[in-house]
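Undergrad: The residues making up each chain are set out below.
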Amino acid sequence: MNLEPALQTYIAESLEQLEEMERVLLELEDDGEQSQDKLDEIFRAAHTIKGSAGLFGLDDIVEFTHGVESLLDLMREGKVKSSEDIISLLISSRDHINALVEKLAAGDEEENESLKSEGNTLSKRLQHFIDEALGKDEVSGEEDAAGSLVEAEVIPGVSPVERMEHGEAVENENWHISLRFPPDVLREGMDPLSFLYYLETIGTINHIVTLDEALPSANEMDVETCYLGFEINFKSDADKETIEDVFEFVRDESFIRIIPPRSRIAFYLELLDALPDTEMRLGDMLQMCGSLTSAELERALAMQKTMREKSVDLPLGNIIVEAGMTETPVLNAAIAKQSKVRENTFREKQSVRVDAEKLDELINLVGELVIAGAGTALNAGASGNTVLTESVSSLNGLVEQVRDSALRLRMVQVGATFTRFRRVVRDVSLELGKDIDLIITGAETELDKTVIEKIADPLMHLVRNSMDHGIEPSDLRLAQGKSSTGMLKLNAYHDSGSVVIEVSDDGAGLNKEKIKQKAIEKGIIEEDQVLDDQDIYNLIFAAGFSTADSVSNLSGRGVGMDVVKSNIAALRGTVELESTPGKGSKFSIRLPLTLAIIDGFQVAVNEASFVIPLDMVLECVELDEFNEVANKPNYMNLRGEVLPFIRLRNLFSLSGQPLRRENVVVVQYGGKKAGLVVDDLIGEFQTVIKPLGEIFNHLQGVGGSTILGSGEVALILDVPGLIQQMSAPDISRTATAA
Amino acid sequence: MFKVDKLKSKCRVHIGDEMTIYDAAELKEKLMGVLEDSRPLELGLSRVTELDSSGVQLLMLVKKEREKQNRSLSLSNHSDEVLSIFELLGLATHFKDPIVMQKAAGENYES
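Going down the list, the protein sequences come from chains A and E.
All the letters of the first sequence, read from the start, carry residue numbers 1 to 738 under the working numbering.
All the letters of the second sequence, read from the start, carry residue numbers 739 to 849 under the working numbering.
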């Protein structure tokens with residue numbers, strides 16, 4: 001049976017559950033107190049992972065997760081108090097499950113000794129806590145496992161035989177499970193056998209009877225329909241919920257009755273009642289399984305008869321409740337289960353899982369559509385047919401909307417990436433012996449999924465850098481009159497067509513002298529060079545620069561910051577740094593909203609077309625003798641403000657003479673303004689960014705290319721790069737060249 | 739693999755390889771062909787490498803049909819795969835065949 005697609009879903013879902021588990025565990029650790037909801041949440045995650053793993057026969061995952069689950073269960077019942085030790089054990093265990101799932105995802109079937117021994121060590125520690133709790137509380141633990149006796153009946157030290165005398169409980173010490181699989185189970189790709197194999201992992205099948213009652217005659221039998229039924233006498237210490245969950249995937253359509261050990265006959269009665277046509281045979285089955293003795297069976301059948309005579313109309317369920325036979329815990333569990341299922345279906349309706357590749361394909365097609373639309377608009381305009389022009393323009397309006405919503409499909413909240421850092425902050429602060437809180441704001445800010453994936457690594461460097469170099473040890477902080485707990489902030493917000501992600505700390509700030517010293521030592525600057533503060537700070541982005549006195553395994557290897565810088569630059573983003581000595585530092589990463597399509601402003605120099613991202617265009621002015629600045633060839637006067645500008649003709653060495661009146665496009669990026677001098681302003685234009693080939697990677701001032709409606713190629717200007725080039729003095733260009 | 743040996747004293751069928759949902763329809767067709775054979779029917783299972791619920795169902799179907807006709811059925815030479823699944827499902831008692839690696843004895847039974 002091909003389980004591959006289902007397995008992939010399992011892996012994806014497990015990883016999600018594990019992420020969730022990590023988040024809640026960390027919250028639990030922060031709160032320090034026991035929260036029932038959170039424990040329930042973690043338990044559910046572990047439980048689901050184990051349950052589904054069982055179906056795929058992933059024994060190592062089932063086995064290990066079982067220990068985790070048992071401990072969590074005891075915690076939920078309040079038998080184990082949560083402590084720092086336990087939480088950190090649970091976190092390590094979570095990591096281990098994660099490693100197991102990832103090994104599975106990688107298709108690695110080989111035995112991994114270190115993983116195995118890690119698992120064993122963790123299992124032993126888990127078991128230690130479990131034993132401790134059960135040792136204290138053995139009697140009630142046993143009762144819970146049995147799950148069938150109300151508390152009043154629990155008399156410690158009384159043997160099961162004596163208990164039997166209380167009313168009509170049966171002798172059977174085991175569970176009885178009655179199973180009828182849904183007819184479609186085989187067609188849905190599941191094999192009833194796998195459920196039984198899984199059942200064997202949580203207990204022992206004492207006796208099983210496979211029923212062929214439902215099999216029709218040979219002519220009518222359809223080989224893909226499942227006709228099998230099972231009556232199982234099952235020995236297990238698991239609770240009812242655990243056993244029920246074995247059948248989670250088929251529960252909705254199957255007939256499943258699980259009768260706890262030493263239950264009252266009424267439970268068996270209900271079973272007999274629910275399957276009326278085969279009851280005589282079923283009675284025999286129950287007897288064959290050893291679930292009922294023959295005397296008990298007779299008594300059950302007699303009871304059923306009298307009950308039927310007494311109250312024909314009452315459903316048996318009511319009779320049981322009236323007779324006080326159902327257990328509230330069991331009932332509660334059933335209700336909780338139902339609402340959980342409902343909750344799950346509700347969530348499913350809200351989102352659809354789509355293959356990222358399909359999404360990329362859609363975006364690509366929309367990109368082509370935008371180009372074709374622009375071409376059509378051009379032709380329609382040239383034809384002079386006003387009706388056609390009008391309909392093309394409304395068509396293009398729609399294309400624009402399609403583009404926007406297609407791009408929105410790729411937008412993901414940055415929060416999930418931020419949350420991952422909780423764990424990093426926790427681990428690193430333990431490692432460094434520093435006390436650090438992480439504060440997350442702007443988690444709902446949306447960003448293109450590709451950008452988010454690529455920003456995680458640079459962000460990790462910055463976070464670690466802040467913790468390692470920025471935030472001081474507690475005693476030093478106290479000495480400086482700060483609170484002993486350091487603070488690390490992650491923040492995100494939208495700002496004029498880009499997204500800003502900030503990593504800030506309240507640590508010592510950058511040490512100017514130290515940086516300068518180091519830079520001289522490394523030969524990055526000359527000893528007599530005069531630099532302002534910002535230039536000095538920017539030195540840390542230079543290749544091969546590291547300030548840490550001792551090289552830790554976190555940062556300080558000197559490969560960090562320049563890699564961060566170039567990674568971000570590859571996303572058409574920038575990184576800036578502010579720092580105040582003694583108060584802390586702040587890194588701001590500025591990223592474009594999306595990588596694929598932008599609104600552009602088309603300009604021309606001579607015959608060549610260029611596109612400037614519209615978000616960055618502030619205004620267009622003319623350059624003439626009135627606003628030129630005397631003696632400063634590359635500056636102009638913009639309403640009293642000095643504006644540096646650059647002539648694209650000179651920059652790209654284009655031919656032709658400048659016009660007498662040139663146009664200036666004023667652009668802004670990251671708080672800096674600059675002018676771009678061009679011949680003609682053509683207008684707004686939707687642009688699909690086509691990346692330039694590898695060989696143009698180091699080309700300054702050009703961010704990509706696009707195809708115009710006419711089929712011509714236009715270069716997209718890299719405004720951040722140009723602005724930097726214009727405003728940067730020599731030294732910081734060295735620093736940022738990496 | 740599906741091989742029928744029509745002997746004087748019985749009809750012996752060798753079933754091989756996979757008895758799974760993928761081959762179930764084909765297998766059922768073939769089994770239908772021998773279902774009404776008046777001789778005692780013996781299914782040799784030594785070559786079965788894979789068995790799933792649909793295969794189990796087919797075996798149970800054959801047994802049920804043979805019983806209906808008051809004709810005998812025996813399963814013989816169970817492969818390890820078959821044995822382990824029979825054990826899981828408690829089917830050894832259902833088919834009542836002696837599980838040994840030789841020709842099954844006692845070919846007539848009622849249940």
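If you are wondering where the hints come from, they were derived from the structure by calculation, not from laboratory data.
Cβ atoms here follow ideal geometry from the backbone N, Cα and C, with glycine treated the same way.
Possibly wrong hints are sitting among the right ones.
Covered by chain E, per the in silico footprint, the following chain A stretches (three or more residues, Cβ under 8 Å) [claimed, not checked]:
#	region
1	193 to 204
2	207 to 216
3	221 to 229
Some residues of chain A that are not near chain E, with every Cβ distance over 10 Å (derived) [what the hints assert, rightly or not]:
#	residue
4	Leu186
5	Ser655
6	Gln724
Undergrad: Out of the numbered hints, which ones does the structure contradict?
TA: Per hint list: single violation, 4.
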